[in-house]
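Here is what each chain is made of, one letter per residue.
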Amino acid sequence: MIELVNVEKTYSSQKGDTTAIENINLSINDGDIYGIIGLSGAGKSTLVRCINLLEQPTKGSVIIDGEDLTKVSNKRLLQIRQNIGMVFQHFNLLQQRTVEDNVRFPLEIAKKHKSKEAKDRVAELLQLVGLSEKAKSYPAELSGGQKQRVAIARALATSPKYLLCDEATSALDPQTTESILELLKKINQSLGVTVIIITHEMKVIEKICTKVAVIDNSHIVEMGNVSDVFADPKSEIARQLIIPDLIRATAEKTGDIKLRLIFNGEETDKPLISALALDLGVSVNILYADTKHYNGKPYGHMVITFPDSDEAYKKVTTYLTNNHVAFKKEL
Amino acid sequence: MSEVLQQLIEQNILVKGIWETTYMTLLSSLFAYVIGLPLGVILVVTDENGVKPNKAINTILGIVVNVFRSIPFLILMVAMLPVAKLVVGTSLGNKAMIVMLVIAAAPYVARMVESSLKEVDSGVIEASKSMGSSTMQIILKVLLPEAKPALIVGAVISTVTVLGYSAMAGTIGAGGLGKIAISFGHQKYKDDVIWVCVILMVLIVQAVQIVGMTIAKKTDRRLVGSKKQRRQRKNV
Ligand SMILES: Nc1ncnc2c1ncn2[C@@H]1O[C@H](COP(=O)(O)OP(=O)(O)OP(=O)(O)O)[C@@H](O)[C@H]1O
Ligand SMILES: [Mg+2]
Chain W
1 MIELVNVEKT YSSQKGDTTA IENINLSIND GDIYGIIGLS GAGKSTLVRC INLLEQPTKG
61 SVIIDGEDLT KVSNKRLLQI RQNIGMVFQH FNLLQQRTVE DNVRFPLEIA KKHKSKEAKD
121 RVAELLQLVG LSEKAKSYPA ELSGGQKQRV AIARALATSP KYLLCDEATS ALDPQTTESI
181 LELLKKINQS LGVTVIIITH EMKVIEKICT KVAVIDNSHI VEMGNVSDVF ADPKSEIARQ
241 LIIPDLIRAT AEKTGDIKLR LIFNGEETDK PLISALALDL GVSVNILYAD TKHYNGKPYG
301 HMVITFPDSD EAYKKVTTYL TNNHVAFKKE L
Chain A
332 MSEVLQQLIE QNILVKGIWE TTYMTLLSSL FAYVIGLPLG VILVVTDENG VKPNKAINTI
392 LGIVVNVFRS IPFLILMVAM LPVAKLVVGT SLGNKAMIVM LVIAAAPYVA RMVESSLKEV
452 DSGVIEASKS MGSSTMQIIL KVLLPEAKPA LIVGAVISTV TVLGYSAMAG TIGAGGLGKI
512 AISFGHQKYK DDVIWVCVIL MVLIVQAVQI VGMTIAKKTD RRLVGSKKQR RQRKNV
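First to last, the sequence lines map onto chains W and A.
Per this note's numbering, the first sequence starts with residue 1, numbered consecutively.
Per this note's numbering, the second sequence starts with residue 332, numbered consecutively.
FYI, nobody ran anything at the bench for these hints, they're computed from the structure.
Fair warning: there could be bad hints in the mix.
[Unchecked claim] Derived DSS-like pairs (lysine-lysine); straight-line CA-CA distance at most 30 Å:
#, chain 1, residue 1, chain 2, residue 2
1, A, Lys426, W, Lys75
2, W, Lys111, W, Lys136
3, A, Lys521, W, Lys111
4, A, Lys383, A, Lys521
[To be verified] The calculated label-pair distances, taken between Cβ atoms and stated as ranges, are:
#, chain 1, residue 1, chain 2, residue 2, range
5, W, Tyr11, A, Val365, 37 to 43 Å
6, W, Lys15, A, Val542, 19 to 25 Å
7, W, Lys111, A, Ser446, 40 to 46 Å
8, A, Ala387, W, Asp17, 23 to 29 Å
9, A, Ile391, W, Lys71, 28 to 34 Å
10, W, Ser61, A, Leu361, 49 to 55 Å
11, W, Ala135, A, Lys383, 29 to 35 Å
Don't be surprised by glycine CBs; every beta carbon is placed ideally from N, CA and C.
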């Protein structure tokens, strides 16, 4: 388990102090895929770099499996880092080493590279990320997605319990992003690695995270299960990130009832809107819809509107409840 | 062809000159790296953005290097004659000259190494830190190997600079082509001797450059389109 207690990081320079993160309290359980989302400059990178002490917090504790990293010796810190893999936006591969030598690198650092197991481990990891045939290539010969796969394999070489990903998919196109996210999910599920993902893209959180913390202006403003935060974002910033157009869609005052329907993987067997219109006889309009299907299940939001009447409201909400569709009345 | 030049060729003085210049240059460059390389590494590592910042060491070393670099070579040579005597027992001859060339070139090499190592992507260093690398491991496994092509190019430039120094050293007692050009060409007004020496020096410089640059290019894995790799890929 990773626990951040009252963590603060202030950078000092001649121009003055910048507090990048402040008052951060966060618990990440083993087995989680924990997303940390926020806009540029919010402090995400600083936060994740405090977890493995690449950045020394100015205040607070970073406790990993009961050990406070801010208090251990340098030697112990280096050991602990071998148990925390890290993946970066720009891959950060060693340009002068082949793919397999890059993956072997952390084993060299841990002085475990000479054994037969090390050799097998490298081959096994390349297999896992689907790059066995590129073992002898150099990073310059790979595509961005392939480079990130190598970086992930490298981060896993010492069989770490935790994997930190700082914008691991931000330099990749949507399709490659999908495949990298799939890979991270597979690693979480098959190897039991706890994954911490930093991103500014909601779709990354949506796709694989179980928990999320929203960070804005150096502070965590909201956190919890993805499905809960996703269904009912409380902070302004979370609403902006999750449903950017929703705010516009619901801004106009019309006098009609507006309901936001929340799809978080629960299946609906009937086409919902036509059912509302045909079966209940309520003339429903769609103000906003952003739903996607992952693994055949719907995720996303939809805002519907219908003329204000108690009867219609009751009919619709009962129907939604019976069909397990979460909803929220928007003003 | 002047008589003097003919004599120089027949008595193998010219060949000896080539040999002296070559070994003085290579040996001096080698020792300059033995001293300059660690200094360059220390300058990078102790930099405020380095792997292990240390303001005191960085500032002092920086000043020492700059002082040595700003003294004109000939003056430095004369000033360092006692040091040469201390190290090799004499302040005359090629051995003493090698000591001075090393003293003059080491700070230059340190800066060269420093600028090569600074080119290494800070992200790569950060990644290796995240894996638990110690400072020494970062130096040996990341900084130096990743900067290898730039270091080789730097070595070529340094060697050529040392070659130039060695020619100047000819004026104060060192052997080699520089001395021949001065004592036979300049002082006896034989222009052809000077020209032959110049051409020979240019050829040595060219040889060093071609060898060095070829190695640098061949070993740089960032160059995707190299011939060897293209061939390998075709065979796959
Ligand atoms: N080394 C540093 N020195 C001074 N200030 C810094 C340093 N690193 C980050 N900051 C400041 O801290 C704040 C948070 O930066 P951080 O990199 O954590 O943001 P981020 O959320 O990761 O942004 P992005 O999405 O753009 O990567 C910013 O205001 C930034 O200017
Ligand atoms: Mg960042």
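Here is what the structure says about each hint:
no.	hint	result
1	A:Lys426 / W:Lys75	45 Å, violated
2	W:Lys111 / W:Lys136	22 Å, holds
3	A:Lys521 / W:Lys111	64 Å, violated
4	A:Lys383 / A:Lys521	57 Å, violated
5	W:Tyr11 / A:Val365: 37 to 43 Å	39 Å, holds
6	W:Lys15 / A:Val542: 19 to 25 Å	48 Å, violated
7	W:Lys111 / A:Ser446: 40 to 46 Å	32 Å, violated
8	A:Ala387 / W:Asp17: 23 to 29 Å	24 Å, holds
9	A:Ile391 / W:Lys71: 28 to 34 Å	32 Å, holds
10	W:Ser61 / A:Leu361: 49 to 55 Å	51 Å, holds
11	W:Ala135 / A:Lys383: 29 to 35 Å	34 Å, holds
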